Amino acid sequence: MDNAAEITPQAPTQAMIQACDVNVYYGDDHAIRNVNLDIAPKTVTALIGPSGCGKSTFLRCINRMNDTIASCRITGTITLDGQDIYDKSIDVVQLRARVGMVFQKPNPFPKSIYDNVAYGPRIHGLARNHTELDQIVFTSLQKSGLWDEVKDRLDTPGTSLSGGQQQRLCIARTIAVNPEVILMDEPCSALDPIATAVIEELVAELKERFAIVFVTHSMQQAARISQKTAFFYLGEIIEFGDTTQIFTNPRVEKTKDYITGRYG
Amino acid sequence: MSQNHILSSFDDELNDLRAKIVKMGGLVDKQYKNAFIALKTKDQNLAAEVYQADRLVDQLDADIEKQAIQMIALRSPVANDLRDIVSTMKISAGLERIGDYAKNLAKRVKVLSNRETISVSRALIKQMIKQIRSMISDVIDAYISRDIDKAIDVWRRDKEVDSLYNSLFREMLTYMMEKPQYITSATHLLFIAKNIERAGDHATNIAELVYYINEGELLALKRPKDDSSNYMEVDPSDDS
Numbered sequence: 194m195d196n197a198a199e200i201t202p203q204a205p206t207q208a209m210i211q212a213c214d215v216n217v218y219y220g221d222d223h224a225i226r227n228v229n230l231d232i233a234p235k236t237v238t239a240l241i242g243p244s245g246c247g248k249s250t251f252l253r254c255i256n257r258m259n260d261t262i263a264s265c266r267i268t269g270t271i272t273l274d275g276q277d278i279y280d281k282s283i284d285v286v287q288l289r290a291r292v293g294m295v296f297q298k299p300n301p302f303p304k305s306i307y308d309n310v311a312y313g314p315r316i317h318g319l320a321r322n323h324t325e326l327d328q329i330v331f332t333s334l335q336k337s338g339l340w341d342e343v344k345d346r347l348d349t350p351g352t353s354l355s356g357g358q359q360q361r362l363c364i365a366r367t368i369a370v371n372p373e374v375i376l377m378d379e380p381c382s383a384l385d386p387i388a389t390a391v392i393e394e395l396v397a398e399l400k401e402r403f404a405i406v407f408v409t410h411s412m413q414q415a416a417r418i419s420q421k422t423a424f425f426y427l428g429e430i431i432e433f434g435d436t437t438q439i440f441t442n443p444r445v446e447k448t449k450d451y452i453t454g455r456y457g
Numbered sequence: 696m697s698q699n700h701i702l703s704s705f706d707d708e709l710n711d712l713r714a715k716i717v718k719m720g721g722l723v724d725k726q727y728k729n730a731f732i733a734l735k736t737k738d739q740n741l742a743a744e745v746y747q748a749d750r751l752v753d754q755l756d757a758d759i760e761k762q763a764i765q766m767i768a769l770r771s772p773v774a775n776d777l778r779d780i781v782s783t784m785k786i787s788a789g790l791e792r793i794g795d796y797a798k799n800l801a802k803r804v805k806v807l808s809n810r811e812t813i814s815v816s817r818a819l820i821k822q823m824i825k826q827i828r829s830m831i832s833d834v835i836d837a838y839i840s841r842d843i844d845k846a847i848d849v850w851r852r853d854k855e856v857d858s859l860y861n862s863l864f865r866e867m868l869t870y871m872m873e874k875p876q877y878i879t880s881a882t883h884l885l886f887i888a889k890n891i892e893r894a895g896d897h898a899t900n901i902a903e904l905v906y907y908i909n910e911g912e913l914l915a916l917k918r919p920k921d922d923s924s925n926y927m928e929v930d931p932s933d934d935s
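Top line first, the protein sequences correspond to chains A and B. For the first sequence, this note's numbering assigns the number 194 to the initial residue and increments by one for each residue that follows. For the second sequence, this note's numbering assigns the number 696 to the initial residue and increments by one for each residue that follows.
Bear in mind the hints are in silico, worked out from the structure with no lab data behind them. Check the hints yourself; a few may be wrong.
[Stated by the list, open to error] Derived DSBU-like pairs (lysine-lysine); straight-line CA-CA distance at most 35 Å: (1) B/LYS917 with A/LYS447; (2) B/LYS874 with B/LYS761; (3) A/LYS447 with B/LYS735; (4) A/LYS447 with B/LYS785; (5) B/LYS805 with B/LYS917; (6) B/LYS718 with A/LYS447; (7) B/LYS917 with B/LYS845.
[What the hints assert, rightly or not] Computed footprint of chain A on chain B; a stretch qualifies when at least three of its residues, placed anywhere within it, have a C-beta under 8 Å from a C-beta of chain A: (8) 699 to 712; (9) 775 to 781.
Owing to the predicted nature of the structure, the values given are computational and were not obtained by experimental measurement. C-beta atoms are modelled at their ideal positions from N, C-alpha and C, and glycine is treated no differently.
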């Protein structure tokens, strides 16, 4: 693609995740084409682009969610802290604890609020006793901004919460296992504006500790919450750069047409 | 611009905003044209007309500002759209100021009508007005056609207005020294010239905004300046 040369050069900061010449195929469908992307720690990286452009597919490569799809084939390398995540020695369950994910629709387990958060630490053996587990549940719920709202009803089902609360419960569940990266696939698309603002504020706080990769269809949301933005189109990264630059002066015509709502 | 928005009403609004700027540019141009005729022919009725018509320019500026703010609130524009809308608002404010100077010129026609005119200075004012009118119309053209070369050309021409002003400044000082009866009219003519010189600066600003809309960056050239009147002195004892 002739735009490739115009992609903003990477800043020389140490990347937490490095994607190198990543290609993804679903059978014959070439969904991701030669994607190179560095994801920095303590940064929100937004992935934007029209439906079917590959941003969710790419996101799911980062914690190997695509492994569950039989026809899916991936080439190229993705490293986390320098380690190839597709290496045979990698334990996928461990990987998904290090790279957590929050989905479009809140999907709490059909368990109590407490157990939703305690589930991960239990299976990963992160707590030696009940006190430690209580502590993890408490900190995770507090960091996700949910503690005050649920502290008196930890044994009620997670599904009894409102949509926004459920989404924050899922975030609490994700951070309970001490991840390094949190992948968020349109986490606010099912929420009202207030719940959305609460999640956005939470993302701003979480980025102090985690690398966050955020897929969103709302350009305004990408502009509000991210420091870096990658624009995907037809499986390629058309432009990647500082969010401020992308939204004030995009260098590639296609990016401009997309973010300003013109025909691409 | 190159592509249309998917939401066509957004394009309609942008076009409407641009049409208002064109209308404003035409109005301001006419103000200068009439103000000069009024000055030349000592036509106080025409001067009063110019004075009144400034309201129309102000009204357009207010309309543009209101519409631009609405568009920012409702459309959440980004990238070139945002630059376009914000800059258009500033261009409108610039044209409004340029219009004010024409109004001020008209205001001085009355006092100048009652006095002996200084023909040489009128020729210089005529040239300045010709220059500023062509700058206004060209910069509006550049804005509409997104023509950066044309914008830069206008930007460079400000220097000519400055040097005309310098000549006039020098000349007025000489007149005033020669004949104290000239002081009133010379002072008014000096203000008129200074105002046109300021109008030129605003036209230059507009040219810079046109560049910014297109390029997303500020015009990095050094502004051509030729206004040396700040340092100019004429010594009455000097018999040159």
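Against the structure, the hints come out as follows:
no. : hint                   : result
1   : B/LYS917 with A/LYS447 : holds (32 Å)
2   : B/LYS874 with B/LYS761 : violated (51 Å)
3   : A/LYS447 with B/LYS735 : violated (55 Å)
4   : A/LYS447 with B/LYS785 : holds (28 Å)
5   : B/LYS805 with B/LYS917 : violated (40 Å)
6   : B/LYS718 with A/LYS447 : holds (33 Å)
7   : B/LYS917 with B/LYS845 : holds (17 Å)
8   : 699 to 712             : holds (count 5)
9   : 775 to 781             : holds (count 4)
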